[in-house]
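Visitor: Listed here are the chains, written in short residue letters.
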Amino acid sequence: GAVVSQHPSWVICKSGTSVKIECRSLDFQATTMFWYRQFPKQSLMLMATSNEGSKATYEQGVEKDKFLINHASLTLSTLTVTSAHPEDSSFYICSARGVGGGDEQYFGPGTRLTVT
Amino acid sequence: EDQVTQSPEALRLQEGESSSLNCSYTVSGLRGLFWYRQDPGKGPEFLFTLYSAGEEKEKERLKATLTKKESFLHITAPKPEDSATYLCAVRSTGGGNKLTFGTGTQLKVEL
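Residue numbers (the numbering used here), protein chains in the order written: chain A, 25 to 140; chain B, 4 to 114.
So that you can see chain B by itself, here it is in the shape it has in the complex:
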């Protein structure tokens, strides 16, 4: 069974204080690892897809990296508007179209 574990559960940063969120996964074979951002009361917003170890993707202050066991979402010089819950999900070779989600990291960036 596919499993996704995200840490920490919650993270509070000062504006400009860079940090990383972790997503550890266990799958039979990885077909894709996805990062989403979710604001309260809204649906997830797609950020990145990573397919193979060593791959990196960047978007503004966010950078996602992937190894064979985990992914990191690096946030550089965050701003208050980056406050949200960040979700990680995996799609496996045995899972068809199904995405298995972690429980997310709730990020709060303060002035």
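Isolated chain A, as found in the complex:
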């Protein structure tokens, strides 16, 4: 149980284009989903928290107009990186907490974004 998927697992895009990453909870309903970014040999940094049907809450320093988050249902959240630049290249990971569940966050497999 508690399986989270992400799509795509890796993507290469050109500078200036937008990329959408999907995060799905496969066997549970997720009231809250989280988006993280991880640089090589560094810790996971929380970018934003999204609740189903509400606007996402962004961490300090994260541009909400650049990283668009939509949590349209209890099983799907999307992150769109708009006008991507090489410095946006990173490993993006989502996580989810279940309805009525414990405090644990269950993570997806991650998406490797490379902007050329």
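Since the hints were made in silico from the structure, they are not lab data. Here the structure is a predicted model, which means the values were calculated and not measured. Just so you know, even glycine gets a beta-carbon here, dropped at the ideal spot from N, CA and C. There could be a bad hint or two in this list.
[Claimed, not checked] To list a few chain B residues with every Cβ distance to chain A over 10 Å, as calculated:
| hint | residue |
| --- | --- |
| 1 | T29 |
| 2 | S31 |
| 3 | T70 |
[Stated by the list, open to error] In silico DSS-like links for lysine-lysine, alpha-carbon gap of 25 Å or less:
| hint | chain 1 | residue 1 | chain 2 | residue 2 |
| --- | --- | --- | --- | --- |
| 4 | B | K101 | A | K65 |
| 5 | B | K101 | A | K90 |
| 6 | B | K45 | A | K38 |
| 7 | B | K66 | B | K82 |
| 8 | A | K88 | B | K101 |
| 9 | A | K44 | B | K101 |
| 10 | A | K38 | A | K88 |
| 11 | B | K101 | A | K79 |
| 12 | A | K65 | B | K111 |
| 13 | A | K65 | B | K45 |
[What the hints assert, rightly or not] Not the full set, but computed from the structure, chain B residues with beta-carbon under 10 Å of chain A:
| hint | residue |
| --- | --- |
| 14 | G46 |
| 15 | A92 |
| 16 | R94 |
| 17 | K101 |
| 18 | F104 |
| 19 | G105 |
For chain A, the structure is supplied; the task is to place chain B on it using the hints.
Guide: For chain B alone, coordinates are given in the frame of chain A:
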């Protein structure tokens, strides 16, 4: 501000050589301490949640313990498949749903 420090950064063990990983934390009030395992190029896999000092949780060769200032992940008789990066994270009373992660301990178990 919540802080999590993990040590050592990297650890190399022989198969069967038991050891412990450390996670020191500073929070205003602890709502939970979490251990995850992360394999290269993958998302973290949940291992344990600890809530109060003195609490212990076990799973196969892993045992997590918690004090008021730190947590230990004890690995007994490790096998090569235990090789991974082990991450510690905390959730605090003032942090809402936010998890603050340490930078991890990269464990390599050799035959």
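Visitor: Does each hint hold? Answer for all of them.
Guide: Checked hints:
The Cβ of T29 (chain B) lies farther than 10 Å from every Cβ of chain A, with a closest approach of about 15 Å, so its non-interface assignment holds. Look at S31 (chain B): its CB is around 17 Å from the nearest CB on chain A, clear of 10 Å, so calling it non-interface holds up. Here T70 (chain B) stays apart from chain A, with its beta-carbon at least about 19 Å from theirs, past the 10 Å limit. Among the hinted pairs, K101 (chain B) with K65 (chain A) is consistent with the structure: their alpha-carbon atoms are about 21 Å apart, no more than 25 Å.
For the hint pairing K101 (chain B) with K90 (chain A), the CA-to-CA distance comes to about 21 Å; that is within 25 Å, so the pair holds. Taking the CA atoms of K45 (chain B) and K38 (chain A), the gap is near 24 Å; set against the 25 Å cutoff, the hint holds. Among the hinted pairs, K66 (chain B) with K82 (chain B) is consistent with the structure: their alpha-carbon atoms are about 15 Å apart, no more than 25 Å. Of the supplied pair hints, the one linking K88 (chain A) and K101 (chain B) holds, its CA atoms being roughly 17 Å apart against a limit of 25 Å.
Of the pairs offered as hints, the one joining K44 (chain A) and K101 (chain B) holds, with about 23 Å between alpha carbons and a cut-off of 25 Å not exceeded. Between the alpha carbons of K38 (chain A) and K88 (chain A) the distance comes to roughly 21 Å, so the proposed pair stays at or under 25 Å and holds. The suggested pairing of K101 (chain B) with K79 (chain A) holds, with an alpha-carbon distance near 16 Å, which does not exceed 25 Å. Distance restraint check for K65 (chain A) and K111 (chain B): the Cα-Cα separation of roughly 15 Å lies within the 25 Å cut-off, and the hinted pair is therefore satisfied.
Between K65 (chain A) and K45 (chain B) the CA atoms are separated by roughly 13 Å; this keeps the pair inside 25 Å, and the hint holds. Taking 10 Å as the C-beta contact cut-off toward chain A, the hint placing G46 (chain B) at the interface holds, the least distance being around 4 Å. The restraint placing A92 (chain B) at the interface with chain A holds, with a minimum CB-CB distance near 8 Å, inside the 10 Å limit. Taken as an interface hint, R94 (chain B) checks out: its beta carbon lies about 6 Å from the nearest beta carbon of chain A, inside 10 Å.
A cut of 10 Å between beta carbons decides the hint on K101 (chain B): the least distance to chain A is about 6 Å, and the hint holds. Look at F104 (chain B): its Cβ gets to within about 4 Å of chain A, closer than 10 Å, so that hint holds up. Taken as an interface hint, G105 (chain B) checks out: its beta carbon lies about 6 Å from the nearest beta carbon of chain A, inside 10 Å.
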